[in-house]
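Peer 1: Residues in the sequence shown are numbered consecutively from 1, following UniProt numbering.
Think of the hints as simulated: they come from the structure by calculation, not from any bench. Please read all numbers here as calculations on a predicted model, not as lab measurements. We put the CB at the ideal spot given by N, CA and C, even for glycine. Hints may be right or wrong, so weigh each one.
[Said to hold, decoys possible] Cβ-Cβ distance ranges computed for the label pairs, FRET-style: (1) Ser-521 with Asp-91: 48 to 54 angstroms; (2) Lys-569 with Ser-545: 16 to 22 angstroms; (3) Pro-442 with Asn-650: 33 to 39 angstroms; (4) Asp-91 with Glu-359: 32 to 38 angstroms; (5) Pro-442 with Lys-72: 49 to 55 angstroms; (6) Ser-671 with Lys-569: 34 to 40 angstroms.
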Amino acid sequence: MGKGQSTANTSAVSKDVFTDITPICESLTEVAHQCEQNAIPISFVGTNKKLNELDPSFMYTQIIKKIILTIKFKQNHIQDYFDYCRDAFKDNKKEMEDIRRLESHYHNKTPIYWYTCDMFLYPMLNRALRLMNCDIITRMGFFICDLYRHIEQLHQEQYAGRTAADTFTVYCGLVLSTEDVKKMMEEKGGLISFSNFLSTSKDRNTSLRFAQNATINSDQVKVLFIMKINPGESTTPFASIPSISDFEEEEVLFSMHSVFRIQDIKQMDGNNRLYEVNLTLTADNDSELNRLTDYIRQESYPDEEGWYRLGSVLIKMGQSNKAEDIYQVLLDQTSDDKDTVPIYHRLGAMKHNQGKHQEALTFYEKSIAIKQKTLPPNHPDLATSYHNIGNVHDNIGNYQKALLSHEKVLEICQQSLPPNHLNLAKSYNNIGNVHINMGNYPEALLSHEKALEIRQQSFAPNHPDLASSYNNIGAVHYSMGTYPKALLSHEKALEIRQQSLPPNHPDFTSSYNNIGLVYYSMGNYPKALLSHEKALKIRQQSLPSNHPDLASSYNNIGLVHYNMGNYPKALSSHEKALEIREQSLPSNHSDLASSCNNIGAVQYSMGNYCKALLSYEKALEIRQQSLPPNHPDLASSYNNIGLVYENLGNYAKTRTFYEHAIQIAQQSLPSNHPRLQLYRNNLKDVQNK
Numbered sequence: 001m002g003k004g005q006s007t008a009n010t011s012a013v014s015k016d017v018f019t020d021i022t023p024i025c026e027s028l029t030e031v032a033h034q035c036e037q038n039a040i041p042i043s044f045v046g047t048n049k050k051l052n053e054l055d056p057s058f059m060y061t062q063i064i065k066k067i068i069l070t071i072k073f074k075q076n077h078i079q080d081y082f083d084y085c086r087d088a089f090k091d092n093k094k095e096m097e098d099i100r101r102l103e104s105h106y107h108n109k110t111p112i113y114w115y116t117c118d119m120f121l122y123p124m125l126n127r128a129l130r131l132m133n134c135d136i137i138t139r140m141g142f143f144i145c146d147l148y149r150h151i152e153q154l155h156q157e158q159y160a161g162r163t164a165a166d167t168f169t170v171y172c173g174l175v176l177s178t179e180d181v182k183k184m185m186e187e188k189g190g191l192i193s194f195s196n197f198l199s200t201s202k203d204r205n206t207s208l209r210f211a212q213n214a215t216i217n218s219d220q221v222k223v224l225f226i227m228k229i230n231p232g233e234s235t236t237p238f239a240s241i242p243s244i245s246d247f248e249e250e251e252v253l254f255s256m257h258s259v260f261r262i263q264d265i266k267q268m269d270g271n272n273r274l275y276e277v278n279l280t281l282t283a284d285n286d287s288e289l290n291r292l293t294d295y296i297r298q299e300s301y302p303d304e305e306g307w308y309r310l311g312s313v314l315i316k317m318g319q320s321n322k323a324e325d326i327y328q329v330l331l332d333q334t335s336d337d338k339d340t341v342p343i344y345h346r347l348g349a350m351k352h353n354q355g356k357h358q359e360a361l362t363f364y365e366k367s368i369a370i371k372q373k374t375l376p377p378n379h380p381d382l383a384t385s386y387h388n389i390g391n392v393h394d395n396i397g398n399y400q401k402a403l404l405s406h407e408k409v410l411e412i413c414q415q416s417l418p419p420n421h422l423n424l425a426k427s428y429n430n431i432g433n434v435h436i437n438m439g440n441y442p443e444a445l446l447s448h449e450k451a452l453e454i455r456q457q458s459f460a461p462n463h464p465d466l467a468s469s470y471n472n473i474g475a476v477h478y479s480m481g482t483y484p485k486a487l488l489s490h491e492k493a494l495e496i497r498q499q500s501l502p503p504n505h506p507d508f509t510s511s512y513n514n515i516g517l518v519y520y521s522m523g524n525y526p527k528a529l530l531s532h533e534k535a536l537k538i539r540q541q542s543l544p545s546n547h548p549d550l551a552s553s554y555n556n557i558g559l560v561h562y563n564m565g566n567y568p569k570a571l572s573s574h575e576k577a578l579e580i581r582e583q584s585l586p587s588n589h590s591d592l593a594s595s596c597n598n599i600g601a602v603q604y605s606m607g608n609y610c611k612a613l614l615s616y617e618k619a620l621e622i623r624q625q626s627l628p629p630n631h632p633d634l635a636s637s638y639n640n641i642g643l644v645y646e647n648l649g650n651y652a653k654t655r656t657f658y659e660h661a662i663q664i665a666q667q668s669l670p671s672n673h674p675r676l677q678l679y680r681n682n683l684k685d686v687q688n689k
């Protein structure tokens, strides 16, 4: 074998390939190859597994492959990859020489030649597939496409007219984790997918040339895959490549995402560290595979094309930066106003996800201005623009403008769509979010329950949009003080996201953050801290250093430390949150008030009453500018200032501020809300002072 592959999930996979079964047991016990380039990403699909419960890594790499194969790559895409490699390997003399050779002769040699060539190309591709590095996968899209088409061409030349009588066998020796072997045993009769280009061989002696002694960890076992191939029914292109490969061996190369059915798995010679697995390449008429293929097509924006479709999938995967690069290039190449509308829309989405709200608003307004020239006032496309503009206003604290935009969306949808249409659910969802931010919790709960009801009629139980609805219902219950209900909703949202989204997707931060908030409010501070630290870790990996969501994580971690009595850590976290918010939000944003309020609380607890009063007064000033007059956070500010005056001995002012707090809380919170009870108790304590 000239090369190996990489692992996408927990598998630490090494690969050697053999032809004759007789000496394989001995060889497998002596050799395995555990280099980075020899780890293979594998996924399993059980016979009883629901399609909406598929491994997200399997789903998204399959989707990206299918989209890449539809894109017409140009020389500038190839040159972009060479330039990227030149920058990445600038300090490596050998790799720089290989880049020059690849750049000069890429079109003079076949893709299979380059794939088997001893250079950076195949390790880079396989590592990208293992780590789901969408940036590298997209940059190498031209090569993935060229290699796939080359294998496909050879397959047609070599196996056209072949039948079941021409069935043959190839062998592939791997080192797998015990967890993956256990999965294979459980999924016997199900499907196994190798997510990259899979190399196999017919020749034992040549294969052994590449075998090396292997050190097997305690959580690994050796596996011999025996693969039965019927060329008359195969679903995956494959080709014999001994005359093309850079290595002189009888190699059979399978294209990406070759799917086999697991026929049998058993120990070899009673050795529990050595297994034999019989596989059969899936046939064109395999009903389970056809069902799987159709599901993946539906989940990958089938109505869009090429780069647009790829960008949409990248956004869904949380890869907004790479999607933005793609859309910016498309915008630069477009001159017709009509064709710029969807690009402006997508760039607005990119900026919104990055926390650059004013830039997002600019792109969205450019898009709607063009639409308004050509569309009737109740056209669904206008609803899309109002929806996006409303979301931006919501994020920058312009709640009245946000509510007006989302109510305009609802009005258009009710006129033009059936009552269970998903766009209505989206509209109710967004109206609910604005009501939460305005402190209108009963209205918020009603809107989010309407959204969930519509989505439950349309989606499978584990669809990410259902997670969003549960998340939002949990947020309302949290704000209303019904914490057990809030925790149930947020845990349901997290469960769905774990089944449907790739690791480190930004939506996980929402779940961890909200679960942390509920635990915090229930007084379970260790669990709250653990959840908030998980959210912060994901955000640090995916967001710029001044993104408002990072401030939210620091703020929440500060709150937990404060309640655990770790005041220096709490003050440091809150000051970090305030610093980020001052860089990224308008000066009257309510989140700035929250940071000032929390810094005041820490200073108060440390006995620094004058510093605490300054921070609390700043928080109240911002809240008076940005919130409705009966918002619960205003009550909190009045209560906190009252606490400081009480400790300073000014009881007249203390009573005045406590009374303001109670008056507002009675208008905005349920009669049994813990905070309302707290405010009343505070006033009672100073009545006679």
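Peer 1: Does each hint fit the structure? Answer for all of them.
Peer 2: Hint check:
no.	hint	in the structure
1	Ser-521 with Asp-91: 48 to 54 angstroms	holds (52 angstroms)
2	Lys-569 with Ser-545: 16 to 22 angstroms	holds (20 angstroms)
3	Pro-442 with Asn-650: 33 to 39 angstroms	holds (37 angstroms)
4	Asp-91 with Glu-359: 32 to 38 angstroms	holds (35 angstroms)
5	Pro-442 with Lys-72: 49 to 55 angstroms	holds (54 angstroms)
6	Ser-671 with Lys-569: 34 to 40 angstroms	holds (36 angstroms)
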